[in-house]
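Residue numbers (our numbering), protein chains in the order written: chain A, 1 to 342; chain B, 1 to 342; chain C, 1 to 342.
None of these hints come from the bench; they were simulated from the model. Certain hints may be false.
It does not matter which identical chain is used: a pair holds within one copy or between any two.
[Claimed, not checked] Mimicking PhoX-like on lysine-lysine, the simulated pairs with C-alpha atoms at most 25 Å apart in a straight line are:
hint	residue 1	residue 2
1	71	29
2	301	287
3	29	250
4	29	45
5	250	167
6	196	99
7	326	337
8	327	167
9	302	327
10	287	316
Because the structure is a prediction, the values reported are computed rather than measured.
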Amino acid sequence: MEFSVEQIATILSGTVEGDAELMVNTFGKIQTADEGELSFLANDKYEQYLYTSNATAIIVSNDLVLTKPIKPALIRVSDPYASFSTLLEFYEKAQQSQKTGIEEPSFIHENSSLGDECYVGAFAYIGDGCKIGNNVKIYPHAYIGENCTVADNSIIYSGAKLYEGTKVGSSCIIHSGAVLGSDGFGWAPQDDGSYKAIPQMGYVELEDNVSIGANTTIDCATFPNSATQVKEGAKIDNLIMLAHNVVIGKHTVIAAQTGVSGSTEIGDNCILAGQVGVVGHLEIANKTTVGAQSGVSKSIKKEGETVFGYPAYDIKGYLSSYAVFKKLPEIYRRLSKLEKKS
Amino acid sequence: MEFSVEQIATILSGTVEGDAELMVNTFGKIQTADEGELSFLANDKYEQYLYTSNATAIIVSNDLVLTKPIKPALIRVSDPYASFSTLLEFYEKAQQSQKTGIEEPSFIHENSSLGDECYVGAFAYIGDGCKIGNNVKIYPHAYIGENCTVADNSIIYSGAKLYEGTKVGSSCIIHSGAVLGSDGFGWAPQDDGSYKAIPQMGYVELEDNVSIGANTTIDCATFPNSATQVKEGAKIDNLIMLAHNVVIGKHTVIAAQTGVSGSTEIGDNCILAGQVGVVGHLEIANKTTVGAQSGVSKSIKKEGETVFGYPAYDIKGYLSSYAVFKKLPEIYRRLSKLEKKS
Amino acid sequence: MEFSVEQIATILSGTVEGDAELMVNTFGKIQTADEGELSFLANDKYEQYLYTSNATAIIVSNDLVLTKPIKPALIRVSDPYASFSTLLEFYEKAQQSQKTGIEEPSFIHENSSLGDECYVGAFAYIGDGCKIGNNVKIYPHAYIGENCTVADNSIIYSGAKLYEGTKVGSSCIIHSGAVLGSDGFGWAPQDDGSYKAIPQMGYVELEDNVSIGANTTIDCATFPNSATQVKEGAKIDNLIMLAHNVVIGKHTVIAAQTGVSGSTEIGDNCILAGQVGVVGHLEIANKTTVGAQSGVSKSIKKEGETVFGYPAYDIKGYLSSYAVFKKLPEIYRRLSKLEKKS
Numbered sequence: 001m002e003f004s005v006e007q008i009a010t011i012l013s014g015t016v017e018g019d020a021e022l023m024v025n026t027f028g029k030i031q032t033a034d035e036g037e038l039s040f041l042a043n044d045k046y047e048q049y050l051y052t053s054n055a056t057a058i059i060v061s062n063d064l065v066l067t068k069p070i071k072p073a074l075i076r077v078s079d080p081y082a083s084f085s086t087l088l089e090f091y092e093k094a095q096q097s098q099k100t101g102i103e104e105p106s107f108i109h110e111n112s113s114l115g116d117e118c119y120v121g122a123f124a125y126i127g128d129g130c131k132i133g134n135n136v137k138i139y140p141h142a143y144i145g146e147n148c149t150v151a152d153n154s155i156i157y158s159g160a161k162l163y164e165g166t167k168v169g170s171s172c173i174i175h176s177g178a179v180l181g182s183d184g185f186g187w188a189p190q191d192d193g194s195y196k197a198i199p200q201m202g203y204v205e206l207e208d209n210v211s212i213g214a215n216t217t218i219d220c221a222t223f224p225n226s227a228t229q230v231k232e233g234a235k236i237d238n239l240i241m242l243a244h245n246v247v248i249g250k251h252t253v254i255a256a257q258t259g260v261s262g263s264t265e266i267g268d269n270c271i272l273a274g275q276v277g278v279v280g281h282l283e284i285a286n287k288t289t290v291g292a293q294s295g296v297s298k299s300i301k302k303e304g305e306t307v308f309g310y311p312a313y314d315i316k317g318y319l320s321s322y323a324v325f326k327k328l329p330e331i332y333r334r335l336s337k338l339e340k341k342s
Numbered sequence: 001m002e003f004s005v006e007q008i009a010t011i012l013s014g015t016v017e018g019d020a021e022l023m024v025n026t027f028g029k030i031q032t033a034d035e036g037e038l039s040f041l042a043n044d045k046y047e048q049y050l051y052t053s054n055a056t057a058i059i060v061s062n063d064l065v066l067t068k069p070i071k072p073a074l075i076r077v078s079d080p081y082a083s084f085s086t087l088l089e090f091y092e093k094a095q096q097s098q099k100t101g102i103e104e105p106s107f108i109h110e111n112s113s114l115g116d117e118c119y120v121g122a123f124a125y126i127g128d129g130c131k132i133g134n135n136v137k138i139y140p141h142a143y144i145g146e147n148c149t150v151a152d153n154s155i156i157y158s159g160a161k162l163y164e165g166t167k168v169g170s171s172c173i174i175h176s177g178a179v180l181g182s183d184g185f186g187w188a189p190q191d192d193g194s195y196k197a198i199p200q201m202g203y204v205e206l207e208d209n210v211s212i213g214a215n216t217t218i219d220c221a222t223f224p225n226s227a228t229q230v231k232e233g234a235k236i237d238n239l240i241m242l243a244h245n246v247v248i249g250k251h252t253v254i255a256a257q258t259g260v261s262g263s264t265e266i267g268d269n270c271i272l273a274g275q276v277g278v279v280g281h282l283e284i285a286n287k288t289t290v291g292a293q294s295g296v297s298k299s300i301k302k303e304g305e306t307v308f309g310y311p312a313y314d315i316k317g318y319l320s321s322y323a324v325f326k327k328l329p330e331i332y333r334r335l336s337k338l339e340k341k342s
Numbered sequence: 001m002e003f004s005v006e007q008i009a010t011i012l013s014g015t016v017e018g019d020a021e022l023m024v025n026t027f028g029k030i031q032t033a034d035e036g037e038l039s040f041l042a043n044d045k046y047e048q049y050l051y052t053s054n055a056t057a058i059i060v061s062n063d064l065v066l067t068k069p070i071k072p073a074l075i076r077v078s079d080p081y082a083s084f085s086t087l088l089e090f091y092e093k094a095q096q097s098q099k100t101g102i103e104e105p106s107f108i109h110e111n112s113s114l115g116d117e118c119y120v121g122a123f124a125y126i127g128d129g130c131k132i133g134n135n136v137k138i139y140p141h142a143y144i145g146e147n148c149t150v151a152d153n154s155i156i157y158s159g160a161k162l163y164e165g166t167k168v169g170s171s172c173i174i175h176s177g178a179v180l181g182s183d184g185f186g187w188a189p190q191d192d193g194s195y196k197a198i199p200q201m202g203y204v205e206l207e208d209n210v211s212i213g214a215n216t217t218i219d220c221a222t223f224p225n226s227a228t229q230v231k232e233g234a235k236i237d238n239l240i241m242l243a244h245n246v247v248i249g250k251h252t253v254i255a256a257q258t259g260v261s262g263s264t265e266i267g268d269n270c271i272l273a274g275q276v277g278v279v280g281h282l283e284i285a286n287k288t289t290v291g292a293q294s295g296v297s298k299s300i301k302k303e304g305e306t307v308f309g310y311p312a313y314d315i316k317g318y319l320s321s322y323a324v325f326k327k328l329p330e331i332y333r334r335l336s337k338l339e340k341k342s
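Bound conformation, chain A alone:
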């Protein structure tokens, strides 16, 4: 597939600077893109490469002011990142092989139903009493336990595991190795120092348009007929732990290796960076941002806060204290000196 710079500008409602008739046939990073390739500039850190790039064309912001002459044609748009993403999607759809049909050997229980245009890979397992919607893709080695439901257009990649009773909304993506519905970690201490399991009898529910990353684990809720929930449009990255009874709000984004302890409720439109830990039984307000590796130990009631640190509090406070932390040995010496003087 080859497109002219003009054609691409038209798709993106952008304007061309330079030769609109040049042709591009693939994508490349601005640092390394070569002739025939289309690139984009969305992050100021990479502006230096603009002036040395061999790309045929580059998508840039309407606001960009050039400081030197450049070789590539420019396509100016309001949001280069979003525009580039639109193009990639277009390209992907054109390329995608649409898998359908049932590969053998696979295991589909006779009491389970499968919609139209589904793909079931070899060695996939669908237990008793499941309802699988239309256009669902279930890759090899995926495990769907008893009485699960998976709504239309969802994709369950190879080796993802859904314990009994899991509910998956429409247009969800569950990546390889993700585990939904394993037992919550609830142990009642006994007098002799041993522990007795608190039965974990709930399930996991993903609303529509949820994405779950590779090897992420979401434990089932404790109570029967009760769910650990990830709401509409939330995006959960790889290797994340969501403990029993947790609720993740709509359009909340959580980066890799973060853990949320039991019964905590995270609001809508929050952003949790990577390796964050959140203590159990908290409520986190909508639009909260938590910096990477932070430990959240208290509920956050006001919307729109950004917290950081261990334990976490407001990020500006943490960083100004940390700047002084670096001078602590000096401060200690100065204090001792003052004491001697006084």
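Chains B and C: place on chain A using the hints.
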């Protein structure tokens, strides 16, 4: 199944306040429970909901003093959490479908033996020379490598992986995606900057009543005939890393995403919270508690300590220093002002 | 297999102190080794055990000065750890059962090719258009998506997952549950607060001699024809997250549960300890060492630095500040006292 409040109080050796003849048929959280539902109050944080709850009955502590009138019947017991757990267990046993038999296609090597009343799911794999006890459940896509043993009543969920030579005690639970016996991370640096693998020739051993969470990894020991060990009754949550030669003591509980480096021995009855890291070659005394996200860099010799921080030391010390850390910019200004004065 | 102390010294080019004709038949830890067992001493922490050990022979450093009489024979070498490792390797090769052949049922697409002397376990899946080299071992439940290549002598353990287009070099090891090529975590925020997926169209590439630990996840690159890369000889432990477009340099070693955010490039011969987090879009110089649990938030330009802390800076600075941090309550009191005086 429906029970009267009276019947439940009898099971729990509790006393009823209110109408003992009311009937309940399921469980609910105190915040949301409705008519016909039974709930419990074990955490003071939720006491406010007691006065607005629509539950038919609530299990509470003998010590609870009511501050307002309430609608639900109360069942008073000495430990509401333990009582509730007993009920759930009762309910679960009643509901549970007892899986037995062998689904096809599965792979069971002819040199391996299987006890009575086992379940082997489709696509499960049992290699050469394995001994599987009675009433063991091996779910679809579980992998049991050569020469493994799994004792009576253990459950291996879908997609759990046991490398060659793994030993699993009785009544253990291994959740989906857990990996036991992968190579320890041992690399001998070479003169040219590359690394040569130190062969990892031991195995993993779980004693009885051990629970391993989803996607947790436990590496094999380095030495032949030597084990990375999780002792009797220890409970290991999801996404945890136990490195080669680690020993976890009896009835020790480790929360999600914690990592223990090579050759460290954790004592009995310890509690490690989530996202903790423990350096290699340490010894941690019995009954040690480690706060969430802490980094333990030294052995702990005295029993019963609670540590916190990065690196970790006694939790009271850390938290009082952290309280002052928040004032560091102010302290810096005050110190500079004093210096000018002096 | 039984060897004399003399024979072992010959293999290792070492010298014997004590009875060279004693026989050993297995290995043991210095703390617990018994008669007939060979042990080694590489870490000063264990020197105390030398004088009480019942091992028949112990490999020690040429430099070791004995402070008391000892019972075992000694084999003196320049590097006891490396020597011991050589022996283990020797022993392992002798013991190893060389798996070859194809177990049924497995799924190998007709358009894919397999080299000589391969092993394909039952329930393994090899998709359309794959090229598998000679002497490759693919264990049960491994998933190799479309158009993947795996070069000679590589091992893919049970349940590892390779998404479409993954390239694996020669002599690589991929442990159970590792996921290579899942979608990068790229989401374009929309005006209504929801997110739209940025298509992730690249792949994952491992060069030769790379090792990937159990349940580690490596996301595919964003751009078509572009790779998230792990270069020659790098060793990646368990439960690690490498995000889209990351590059890991040659012979770099990364310990468990570390995460590297998108588009960051880690240099050659670096060491990242466990539970480290690295922010996206950074460049880390060759030979950088990062202490455990550190958060790296800025590029590191100078080679050979060791950093630590949250956020990370030079380790000596952090630790001297942390020593003073522990005295902060005292400092605060002393400052207030001085102020009253002045």
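Handout entry: Intra- versus inter-subunit Cα pairing at 25 Å for residue 301 with residue 287
Key = within (11 Å within a copy, 35 Å between copies)
Practice task
Indicate which option fits the pair residue 287, residue 316 if close means a Cα-Cα distance not exceeding 25 Å: within, between, both or neither.
Solution key: within (17 Å within a copy, 32 Å between copies)
Exercise for the section: Can you give me the call for residue 71 and residue 29, within, between, both or neither, at a CA distance of at most 25 Å? Expected result: within (16 Å within a copy, 65 Å between copies)
Handout entry: Intra- versus inter-subunit Cα pairing at 25 Å for residue 326 with residue 337
Key = This pair counts as both: shortest intra-copy Cα distance 19 Å, inter-copy 20 Å.
Practice task
If the cutoff is 25 Å on CA atoms, where do residue 327 and residue 167 land: within, between, both or neither? Let me know, please.
Solution key: neither (53 Å within a copy, 48 Å between copies)
Handout entry: Homomeric proximity label, residue 29 with residue 250: Cα distance no greater than 25 Å
Key = This pair counts as between: shortest inter-copy Cα distance 22 Å, intra-copy 32 Å.
Handout entry: Copy assignment of residue 29 with residue 45, given that the CA separation must stay at most 25 Å
Key = within (13 Å within a copy, 50 Å between copies)
Handout entry: Within, between, both or neither: residue 302, residue 327 at alpha-carbon 25 Å
Key = This pair counts as between: shortest inter-copy Cα distance 22 Å, intra-copy 33 Å.
Exercise for the section: First find the shortest C-alpha distance between residue 196 and residue 99 inside one copy, then the shortest across copies, and answer within, between, both or neither for a cut-off of 25 Å. Expected result: between (46 Å within a copy, 23 Å between copies)
Practice task
Tell me, please, which holds for residue 250 and residue 167 at an alpha-carbon limit of 25 Å: within, between, both or neither?
Solution key: within (17 Å within a copy, 36 Å between copies)
The earlier numbered hint that this structure contradicts is number 8, and it is the only one.
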